[in-house]
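Peer 1: Turn these sequences into a full structure, and let the hints steer you where they fit.
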Amino acid sequence: MTREDIIKDENKVYSRPRLLLDATMHYCPGCSHGVVHKLVAEVLEELGMEDTAIGVAPVGCAVFAYNYIDIDWIEAAHGRAPAVATAVSRLQPDNVVFTYQGDGDLAAIGTAETIHACTRGENIMIIFINNGIYGMTGGQMAPTTLEGMKTSTTPYGRRADINGFPVKISDIVAMLDGTCYVTRQAVHTPAAVRSARKAIRQALINTREKRGTSFVEIVSTCSSGWKLSPVKANKWMEENMFAKYPLGDIKNTEVKK
Amino acid sequence: MKHEIIIAGFGGQGVLSMGKILAYAGLLDGLEVTWMPSYGPEQRGGTANVTVILSDSAISSPVLDTFDIAVILNQQSLDKFESHVKPGGLLIYDPYGIHRKPERSDINCVPINATEASVEMGNAKAYNMILLGALLRLCPMVSPDTVITGLKKTLPERHHHLIPMNRQAIDRGAEIAGI
Amino acid sequence: MEEDVKLMKGNEALAHAAVRYGADGYFGYPITPQSEVLETLEELMPWETTGMTVLQAESEVAAINMVYGGASCGRAVMTSSSSPGVSLKMEGISYIAAGELPALIVNVMRGGPGLGTIQPSQADYFQATKGGGHGDYHLIVLAPNSVQEMADFVGLGFDLAFKYRTPAMILADGVVGQMMEKVVLPPVRPRRTQDEIIEQCPWAVTGKRGRAHRNVSTTLELQPNAMEKNNIRLRQTYDLIEANETRSEEFMTEDAEYLIVAFGCTSRICRKAIEDARAQGIKVGLLRPITLWPFPKEAVCRLSKQVKGILVAELNNGQMIEDVRLSLSVGSSVPVCHFGRTGGIVPNPQEVIDSLLSNFPQSK
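Going down the list, the protein sequences come from chains A, B and C.
Numbers 1 to 257, taken from this note's numbering, label the letters of the first sequence in order.
Numbers 1001 to 1179, taken from this note's numbering, label the letters of the second sequence in order.
Numbers 2001 to 2364, taken from this note's numbering, label the letters of the third sequence in order.
Derived by calculation from the structure, the hints in this document are not laboratory data.
There may be inaccurate statements among the hints.
[To be verified] As a list, the in silico DSBU-like pairs of lysine-lysine whose alpha-carbon atoms are at most 30 Å apart: (1) B:Lys1153 <-> C:Lys2006; (2) A:Lys38 <-> A:Lys244; (3) A:Lys232 <-> A:Lys244; (4) A:Lys168 <-> A:Lys235; (5) A:Lys227 <-> A:Lys12; (6) C:Lys2364 <-> B:Lys1086; (7) C:Lys2283 <-> C:Lys2229; (8) C:Lys2283 <-> B:Lys1086; (9) A:Lys38 <-> A:Lys8; (10) C:Lys2006 <-> B:Lys1002; (11) B:Lys1080 <-> B:Lys1002; (12) B:Lys1125 <-> B:Lys1152; (13) C:Lys2308 <-> C:Lys2283; (14) B:Lys1002 <-> C:Lys2283; (15) B:Lys1002 <-> C:Lys2364; (16) C:Lys2208 <-> A:Lys198; (17) B:Lys1125 <-> C:Lys2006; (18) A:Lys38 <-> A:Lys232; (19) A:Lys38 <-> A:Lys198; (20) C:Lys2364 <-> C:Lys2308; (21) B:Lys1002 <-> B:Lys1152; (22) A:Lys168 <-> A:Lys150; (23) A:Lys38 <-> C:Lys2208; (24) A:Lys210 <-> A:Lys257; (25) B:Lys1125 <-> B:Lys1002; (26) C:Lys2208 <-> A:Lys210; (27) A:Lys12 <-> A:Lys38; (28) B:Lys1152 <-> C:Lys2006; (29) A:Lys168 <-> A:Lys244; (30) A:Lys244 <-> A:Lys150; (31) C:Lys2229 <-> C:Lys2297; (32) C:Lys2163 <-> C:Lys2130; (33) C:Lys2297 <-> C:Lys2308.
Peer 2: Written as structure tokens, this is what we have:
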């Protein structure tokens, strides 16, 4: 039996989502971004949002997100994606607007924009990739870096007395009246991927229905930054990251404006 | 015809609004007008002043060093602006709270006791309109009727019941100036 | 009298003009001396009439990035601030320029550097005309000197911004923003529909809406060859703007033996100084740049050949004077002197005359 005998439509059990462009991703092996991109593309397609979705990409590893998902995109300045998305959502009410940001972008330089988009209850989805490190610039400490975690700017491990504590931004935005849905997910196992997919779907529906701000944190790995193999990175995440950033819905409510 | 006017006093005395009412009356008479305030924290109780220019030709600078007319409502403003009145010009001041009277003899200095008059009228808000009435009596650059028309046009409907009081205040100011 | 003549502050006239132009969005943050722009817009509630979005942002940084987002969608969007706030916007302005996006930014200048003073100034001339933010870009810089121009330059600024796909700035000052004058507000125009935007701005991020290709608004280009092409394209746009959009105005220059160059509120003060100086027999005229970038080099050069001396008057320690000097012909020996007040002090016309006489005693 040759490969050609096997690769036939009737044998097909999976195919790449139509909106996921056939481009080689720049992400490292084992990185969570690829899976999350796929989920976003898949759910946008499933919900028929191909023609209405506008994504806002961050500065960070996902800076090239616009090269991978076949919708209209705006590439924002570092940390400012929620401000950009605010304007787009208000000026283009027919569109479904989301940001896709990392921990440095969303929880350090862009904290003010994150908090205030959520306080205003902007009708947007925010996807927050939390891998506890600055991946793109080469593994520096992020606001979500765990205590004791070694990075290039905390070479002896993060110390609370010097570097402060890791920030649980999802818990903060869950306290704000403008958020309708805040959840913390991961994509390290098939079950986790299915749960994350459901969360993104819920968030996009909320956004379309203008229910307020939906905030989906994905606790993620960074094999390169953590200097671990993909398998070990997943294990390290389960043992350490989930202790600080437990998975599950934090808030699911109706926003009254 | 050109009138270059400075109105100066404390924030809250109605300095800026008096200037605005005067400027608006000028606009209704088809004149060119500018209204340039001191702005910022002064509005919160410090000194405030506004330069108003009414002219029948285009106005160049909204900022001036010398004035045809000064309307002075406190001592600080008198100290600051007395020397900036052009020779032959007019200085109207409220003697209430003024411990050093204007000293110049080459200008016409007229005290208008608007504080007292507004107390007599039982309405502190009439204060700046009493002064405006006096000013228009001493230098009739626009008519009191035009001022009232301006108030009708600019005040929201819910405040129109205040217009008769304003008319009364203007007339009272004119009366004081005419004595 | 025409019914449409209003008495307004420059800041208020600008806000009214934005609604009447059919602007799609305003994003701002309070700062003296320009807060009346946001206050007036909130009072007008244009979202109930034209559908214009008005939003008080959490910071100047957020506001300019909202403008970046709206501009990416092909919308006519604007922000306003004053000097310290405009410094905060500079990164975003660089992105808007790099993204070849139309937008309108208003700076009602106050004295600096630092927190400085809230009183009028023209000390942001360099920032506005020489880039301000990072990278190789220019803004079209319009300098109003009256309340009427505060209103008129909104439409002009937006039109130029869309014509050249580049951000435009109204560089006003505390005098022009705060003073009241007569103004005839510009005519009311409808906001553009989504279909009109798609037709006029095929680059706009609107959602694909059946389009075969996706539109991406980005300023990132890691390939040096491609990035240089972007820079060359920008340079070509700036060349076109310099060739077509330079604006200036002259007052009593026909027989002038001395020239004052001044913009914004200072040009008004100088106009009065010239009227007074002429009455004393001093033959002096005014060149007022209306666009600070592109700078009216040719007008300066032409007049420099006619006069015995040039006085550059501005509310700073000497910024526009550099452009005046650069505009002279090679070998020109005409003296160029500076008169400036800073710290929020607005000079009176007599000070300008005094400076003219002390710099050029033979002018008397």
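Peer 1: Next, verify each hint and record whether it holds.
Peer 2: Hint check results:
Simply put, Lys1153 of chain B and Lys2006 of chain C have alpha-carbon atoms about 11 Å apart, close enough for the 30 Å limit, and the pair holds. Only pairs whose Cα atoms come within 30 Å are accepted, and Lys38 of chain A paired with Lys244 of chain A is accepted, the gap being roughly 26 Å. Distance hint between Lys232 of chain A and Lys244 of chain A is fulfilled; the C-alpha atoms sit about 18 Å from each other, no more than 30 Å. Simply put, Lys168 of chain A and Lys235 of chain A have alpha-carbon atoms about 21 Å apart, close enough for the 30 Å limit, and the pair holds.
Between Lys227 of chain A and Lys12 of chain A the CA atoms are separated by roughly 36 Å; this puts the pair beyond 30 Å, and the hint is violated. About 23 Å separates the Cα atoms of Lys2364 of chain C and Lys1086 of chain B, which keeps this hinted pair within 30 Å; it holds. Of the supplied pair hints, the one linking Lys2283 of chain C and Lys2229 of chain C is violated, its CA atoms being roughly 50 Å apart against a limit of 30 Å. The hinted pair formed by Lys2283 of chain C and Lys1086 of chain B meets the criterion: a straight-line CA distance of about 25 Å does not exceed 30 Å.
Distance restraint check for Lys38 of chain A and Lys8 of chain A: the Cα-Cα separation of roughly 23 Å lies within the 30 Å cut-off, and the hinted pair is therefore satisfied. The straight-line distance between the Cα atoms of Lys2006 of chain C and Lys1002 of chain B is roughly 20 Å, inside the 30 Å bound, and the hint therefore holds. A C-alpha spacing of about 23 Å is found between Lys1080 of chain B and Lys1002 of chain B, which places the hinted pair at or below 30 Å, so the restraint holds. For the proposed pair Lys1125 of chain B and Lys1152 of chain B, the alpha carbon gap of about 17 Å is at most 30 Å, so the pair holds.
A distance of roughly 11 Å separates the Cα atoms of Lys2308 of chain C and Lys2283 of chain C; the hinted pair therefore holds under the 30 Å criterion. As the CA atoms of Lys1002 of chain B and Lys2283 of chain C are separated by approximately 24 Å, the hinted pair is consistent with the 30 Å bound. Taking the CA atoms of Lys1002 of chain B and Lys2364 of chain C, the gap is about 27 Å. The hint holds against a cut of 30 Å. The suggested pairing of Lys2208 of chain C with Lys198 of chain A holds, with an alpha-carbon distance near 25 Å, which does not exceed 30 Å.
The suggested pairing of Lys1125 of chain B with Lys2006 of chain C holds, with an alpha-carbon distance near 25 Å, which does not exceed 30 Å. As the CA atoms of Lys38 of chain A and Lys232 of chain A are separated by approximately 23 Å, the hinted pair is consistent with the 30 Å bound. Between Lys38 of chain A and Lys198 of chain A the CA atoms are separated by roughly 13 Å; this keeps the pair inside 30 Å, and the hint holds. Restraint check for Lys2364 of chain C and Lys2308 of chain C: satisfied, since their Cα atoms lie roughly 12 Å apart, inside the 30 Å limit.
For a cut-off of 30 Å, the pair hint linking Lys1002 of chain B to Lys1152 of chain B stands: about 26 Å separates their Cα positions. Restraint check for Lys168 of chain A and Lys150 of chain A: the C-alpha separation of about 19 Å stays at or below 30 Å, so the hint holds. With a C-alpha separation of about 19 Å, the suggested pairing of Lys38 of chain A with Lys2208 of chain C holds against the 30 Å cut-off. As the CA atoms of Lys210 of chain A and Lys257 of chain A are separated by approximately 11 Å, the hinted pair is consistent with the 30 Å bound.
Distance check on the hinted pair: Lys1125 of chain B and Lys1002 of chain B sit about 29 Å apart at the alpha-carbon level, within 30 Å; holds. Restraint check for Lys2208 of chain C and Lys210 of chain A: satisfied, since their Cα atoms lie roughly 20 Å apart, inside the 30 Å limit. With a C-alpha separation of about 18 Å, the suggested pair Lys12 of chain A and Lys38 of chain A falls inside the 30 Å cut-off, and the hint holds. Distance hint between Lys1152 of chain B and Lys2006 of chain C is fulfilled; the C-alpha atoms sit about 14 Å from each other, no more than 30 Å.
Of the pairs offered as hints, the one joining Lys168 of chain A and Lys244 of chain A holds, with about 8 Å between alpha carbons and a cut-off of 30 Å not exceeded. Note on Lys244 of chain A and Lys150 of chain A: the hinted pairing holds, with a Cα-Cα distance of about 16 Å set against a maximum of 30 Å. Simply put, Lys2229 of chain C and Lys2297 of chain C have alpha-carbon atoms about 28 Å apart, close enough for the 30 Å limit, and the pair holds. Taken as a hint, the Lys2163 of chain C and Lys2130 of chain C pair is honoured in the structure, with Cα atoms around 21 Å apart against an allowance of 30 Å.
At roughly 18 Å between alpha-carbon atoms, Lys2297 of chain C and Lys2308 of chain C fall within 30 Å of each other, so this suggested pair holds.
Hint compliance for this structure: hints 5, 7 are broken, all remaining hints hold.
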